[in-house]
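Chemist: The residues making up each chain are set out below.
Protein chains: 2
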Amino acid sequence: MASLRAATRLRPLAVNAPRSIQSIRARRPYAVAAAVKPTSSSSEQPFFPGEPKAPVVKTAIPGPQSQAAIKELDNVFDTRSLNMLANYQKSIGNYIADPDGNLLLDVYAQIASIPVGYNNPALHATALSEQMASALINRPALGNFPSHDWASILETGVLKVAPKGLNQVFTAMAGSDANETAYKAAFMYRRQQERGGANVEFSAEELSSSMVNQAPGAPELSILSFKTAFHGRLFGSLSTTRSKPIHKLDIPAFNWPQATFPLLKYPLEDHVEENARIEQEALADVERLITTHPLPPCAVVVEPIQSEGGDNHASPAFFRGLRALTKKHNVLLIVDEVQTGVGATGKFWAHEHWDLETPPDMVTFSKKAQTAGYYFGNPELRPNKPYRQFNTWMGDPAHALIFRAIIQEIERLDLVNHTAKVGDYLYSGIESLAQKYPGEFMNLRGKGRGTFIAFDSPRRDEFLKKAKSVGVNIGGCGNSAVRLRPMLVFQKHHADILLDAMEKIVKS
Amino acid sequence: MASLRAATRLRPLAVNAPRSIQSIRARRPYAVAAAVKPTSSSSEQPFFPGEPKAPVVKTAIPGPQSQAAIKELDNVFDTRSLNMLANYQKSIGNYIADPDGNLLLDVYAQIASIPVGYNNPALHATALSEQMASALINRPALGNFPSHDWASILETGVLKVAPKGLNQVFTAMAGSDANETAYKAAFMYRRQQERGGANVEFSAEELSSSMVNQAPGAPELSILSFKTAFHGRLFGSLSTTRSKPIHKLDIPAFNWPQATFPLLKYPLEDHVEENARIEQEALADVERLITTHPLPPCAVVVEPIQSEGGDNHASPAFFRGLRALTKKHNVLLIVDEVQTGVGATGKFWAHEHWDLETPPDMVTFSKKAQTAGYYFGNPELRPNKPYRQFNTWMGDPAHALIFRAIIQEIERLDLVNHTAKVGDYLYSGIESLAQKYPGEFMNLRGKGRGTFIAFDSPRRDEFLKKAKSVGVNIGGCGNSAVRLRPMLVFQKHHADILLDAMEKIVKS
Chain A
1 MASLRAATRL
11 RPLAVNAPRS
21 IQSIRARRPY
31 AVAAAVKPTS
41 SSSEQPFFPG
51 EPKAPVVKTA
61 IPGPQSQAAI
71 KELDNVFDTR
81 SLNMLANYQK
91 SIGNYIADPD
101 GNLLLDVYAQ
111 IASIPVGYNN
121 PALHATALSE
131 QMASALINRP
141 ALGNFPSHDW
151 ASILETGVLK
161 VAPKGLNQVF
171 TAMAGSDANE
181 TAYKAAFMYR
191 RQQERGGANV
201 EFSAEELSSS
211 MVNQAPGAPE
221 LSILSFKTAF
231 HGRLFGSLST
241 TRSKPIHKLD
251 IPAFNWPQAT
261 FPLLKYPLED
271 HVEENARIEQ
281 EALADVERLI
291 TTHPLPPCAV
301 VVEPIQSEGG
311 DNHASPAFFR
321 GLRALTKKHN
331 VLLIVDEVQT
341 GVGATGKFWA
351 HEHWDLETPP
361 DMVTFSKKAQ
371 TAGYYFGNPE
381 LRPNKPYRQF
391 NTWMGDPAHA
401 LIFRAIIQEI
411 ERLDLVNHTA
421 KVGDYLYSGI
431 ESLAQKYPGE
441 FMNLRGKGRG
451 TFIAFDSPRR
461 DEFLKKAKSV
471 GVNIGGCGNS
481 AVRLRPMLVF
491 QKHHADILLD
501 AMEKIVKS
Chain B
1 MASLRAATRL
11 RPLAVNAPRS
21 IQSIRARRPY
31 AVAAAVKPTS
41 SSSEQPFFPG
51 EPKAPVVKTA
61 IPGPQSQAAI
71 KELDNVFDTR
81 SLNMLANYQK
91 SIGNYIADPD
101 GNLLLDVYAQ
111 IASIPVGYNN
121 PALHATALSE
131 QMASALINRP
141 ALGNFPSHDW
151 ASILETGVLK
161 VAPKGLNQVF
171 TAMAGSDANE
181 TAYKAAFMYR
191 RQQERGGANV
201 EFSAEELSSS
211 MVNQAPGAPE
221 LSILSFKTAF
231 HGRLFGSLST
241 TRSKPIHKLD
251 IPAFNWPQAT
261 FPLLKYPLED
271 HVEENARIEQ
281 EALADVERLI
291 TTHPLPPCAV
301 VVEPIQSEGG
311 DNHASPAFFR
321 GLRALTKKHN
331 VLLIVDEVQT
341 GVGATGKFWA
351 HEHWDLETPP
361 DMVTFSKKAQ
371 TAGYYFGNPE
381 LRPNKPYRQF
391 NTWMGDPAHA
401 LIFRAIIQEI
411 ERLDLVNHTA
421 KVGDYLYSGI
431 ESLAQKYPGE
441 FMNLRGKGRG
451 TFIAFDSPRR
461 DEFLKKAKSV
471 GVNIGGCGNS
481 AVRLRPMLVF
491 QKHHADILLD
501 AMEKIVKS
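So the sequence lines, in the order shown, correspond to chains A and B.
Okay, so the first sequence: first residue is 1 according to the numbering used here, each after it adds one.
Okay, so the second sequence: first residue is 1 according to the numbering used here, each after it adds one.
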């Protein structure tokens, strides 16, 4: 499967790297490697000249070195969910290394959280800057003692890519607390409206009841989420997570409502009417719960593509309907872009595919951003008093600097448009495989959504295990889905390797 | 108030710094400053030779430069809880700088979270290392793809200072999720016992009910916390936080129980019998709630010194009683050392002051550790299946490397013993002030607890505000407490400056 022409906008690092990056590359072994010739099947320029031409599989994985190291690690760290021990110093671009000299094409990318390649030289320069050193060693309590350059770090980084209509951010640490702080903002907003506005003081009863975890101070309200959704694993976020029992068992939860998510039938073009009906029913379920649930929802939280739950898509029309419903009932719409955000769907934010009339009220992010938080636009979503939305660190300037460098790489290499194109190429390739091997690549989904592609496999766990033996690291989700989560620097020649590997897996 | 002799164990950086640190100092402006002569009141060697001899107050705070910058920041970031805009590049050791050239002795230290001084040279070297760069730019999903050196980073860092009896760690991001993951471990442990052990499978009813947030899958159990406690602000941790309504208002909460915390009377030596009775009553309240609350507690969480709630102490006998009670009723004891941990009380962990017969079941940490998590010892506290205690990042190797460097600094300079001594010196000084200005320094507390010292002020907010005008940055807690949270590199000559400043405040 040949890439037919060089992508004209892809400028290899060797040509355009600023001097600071070039000087760092000069002393990094991975960067001084001779530029690899384009693979025989592709004439495109590689983003990472030092990347290998193909995966290297030297041992069964884990190999002997890894096995010894895993045994040592298990003394102090739970390794039962360990997938592969990595050597990050030897990883490069799209390739993850292990201690045994194996080098796999990584289309799982730390559960969808590495955007611009392992040991990206521009990020490396940022990591070794004095500004980074100061952020790491003088870590501020941002709410009390922000640094004089915090506004500039936000404006040139996190906020530069804020979703349309949302010009504010509350920074957090990871996806779970990003969602939970967004939920808190939603609860405070709702109660403020019920009280009659930002200037109405809390009642004595609210003050005292809040301290004993009772209404009205601790209100009987809820966040509405969808079946098969994943929004995190802390107590509030876990109450909205509905993907798998293993995430939820034995943990107390709020009695919050869950709505039906439209589980579409594939191929989409063969089920147009049925899918439209499924989506209408799901919207009706949302409206029913908003209007009748004993704990009234003050927000609906939704993933643009349910990821952990199985890569479940819905149409832009569904999300426009959801926006209309939430507006109608004065319920906030929180879009959880923790996994879908930062380019992988071929738009910077996946909800840009929906063409909404009004933006979501809040958009949460983490993973590929390497820092976390929620965006918002309505100034009323800033709580009416200080210290209501607050904690010691309130985010992390070090990772905010990394996100800024990621954004610069995305812009420099036009990686969002690139990902849209390479995603189309990859999708077509899998479509061909699905025709050749019916029953092995089922319910292919993610067309027009960049590289955010998944399919169901009849022997999924075996598929993922075999993938390593043919040189690729792939992840799963839901009960039977293979989810592809390449980095934004994934190119056509990588797609060719991946497609060949997947064919080998199903043929074996 | 003179420091009477040079502390013999305090070795200034200039003499003993390893070569790598010296070379970094040579190119850092703050480090090449000529060594400051010991202050006239002290012959001790300063840890930071480049520190100023005294605070510098050039303008009212915020000064004109800060005001302009705050105005800009407020466009994108809520500044209503802003205390002081900082310039961390110009901060050094115990001194925090601002954009107007002010340089304050900082005994608040980012809400008790800076341990070894601003721009500490050893931390600076760690921040600029290749290992750090890799941790920042190749951020792993630790549960799935730990790095080959993760075991070593844990063993030479986080685990090297593990509390006695606890040899395992689950790493997290900040204090709130450290506590919440500990709570989750406690719930899973309790339900496993109720099911009959780790090998008993979940029932069909548990599996299905967990997905709809109902018992038995989402059990009707609780975490018991104390009145005036603070354990974080996410939904589970906030349900155990009982310090102030502003933290809790409008946020739904679990109906979990709160026990009376023994609010002791001062001076302790005048209230021995009464305080013993208060502590007995508090323990009786704990036992009553454990045995009768409709949501049975599976763990008690407690701070060694309630910090945010007002610096409320209890005696070692109280905590030994609490350990005995929790053992008796098969309830786990979680000690929240987020604020008390890492040396400030004159022991590495504050619970070392208690002389417990058996260690706590879990100890949580964050703040001065600059990374977070919980320690545990009992292997049964590892959930019985993988992916039960899991998330994408599961901590942060970058900040774990900083903690390792902090531990090395603490060991090199013997900072825990140092803090015990300088704390005694500071405490005596405030005792003298309290005698001289009765009514201004009330309920002085923290004797024998290093620099973890607090007192009540009749005009607390005014006290804190005036402190800046005389060159010190001090924090408050509870309703009327002034809490001192110097760094571990706080020395007698800094104590002299602080004592003089506090006298100026109350005299003015």
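Treat the hints as calculated values from the structure; they're not laboratory data.
Be a bit skeptical, because a hint or two may be false.
Which copy is meant is left open, so a pair is good if it fits within one copy or across any two.
Claimed, not checked - Here are the simulated DSS-like cross-link-like pairs (lysine-lysine), alpha carbons at most 30 angstroms apart as the crow flies:
#, residue 1, residue 2
1, Lys71, Lys327
2, Lys227, Lys385
3, Lys71, Lys507
4, Lys385, Lys466
5, Lys436, Lys421
6, Lys71, Lys385
7, Lys385, Lys465
8, Lys447, Lys58
9, Lys327, Lys507
10, Lys385, Lys347
11, Lys385, Lys244
12, Lys507, Lys265
13, Lys71, Lys164
14, Lys436, Lys385
15, Lys227, Lys504
16, Lys160, Lys71
17, Lys436, Lys71
18, Lys90, Lys160
19, Lys328, Lys71
20, Lys71, Lys265
21, Lys244, Lys71
22, Lys507, Lys385
Chemist: Next step is simple, just say for each hint if it's right about the structure.
Modeler: Hint check results:
no.	hint	verdict
1	Lys71 / Lys327	neither (54 angstroms within a copy, 33 angstroms between copies)
2	Lys227 / Lys385	between (35 angstroms within a copy, 23 angstroms between copies)
3	Lys71 / Lys507	neither (34 angstroms within a copy, 64 angstroms between copies)
4	Lys385 / Lys466	between (55 angstroms within a copy, 23 angstroms between copies)
5	Lys436 / Lys421	within (23 angstroms within a copy, 77 angstroms between copies)
6	Lys71 / Lys385	between (51 angstroms within a copy, 18 angstroms between copies)
7	Lys385 / Lys465	between (52 angstroms within a copy, 20 angstroms between copies)
8	Lys447 / Lys58	neither (35 angstroms within a copy, 62 angstroms between copies)
9	Lys327 / Lys507	neither (51 angstroms within a copy, 58 angstroms between copies)
10	Lys385 / Lys347	neither (36 angstroms within a copy, 37 angstroms between copies)
11	Lys385 / Lys244	between (38 angstroms within a copy, 14 angstroms between copies)
12	Lys507 / Lys265	within (26 angstroms within a copy, 77 angstroms between copies)
13	Lys71 / Lys164	between (49 angstroms within a copy, 23 angstroms between copies)
14	Lys436 / Lys385	neither (62 angstroms within a copy, 38 angstroms between copies)
15	Lys227 / Lys504	neither (35 angstroms within a copy, 62 angstroms between copies)
16	Lys160 / Lys71	between (44 angstroms within a copy, 19 angstroms between copies)
17	Lys436 / Lys71	neither (42 angstroms within a copy, 62 angstroms between copies)
18	Lys90 / Lys160	between (32 angstroms within a copy, 27 angstroms between copies)
19	Lys328 / Lys71	neither (57 angstroms within a copy, 36 angstroms between copies)
20	Lys71 / Lys265	neither (44 angstroms within a copy, 52 angstroms between copies)
21	Lys244 / Lys71	within (29 angstroms within a copy, 46 angstroms between copies)
22	Lys507 / Lys385	neither (62 angstroms within a copy, 33 angstroms between copies)
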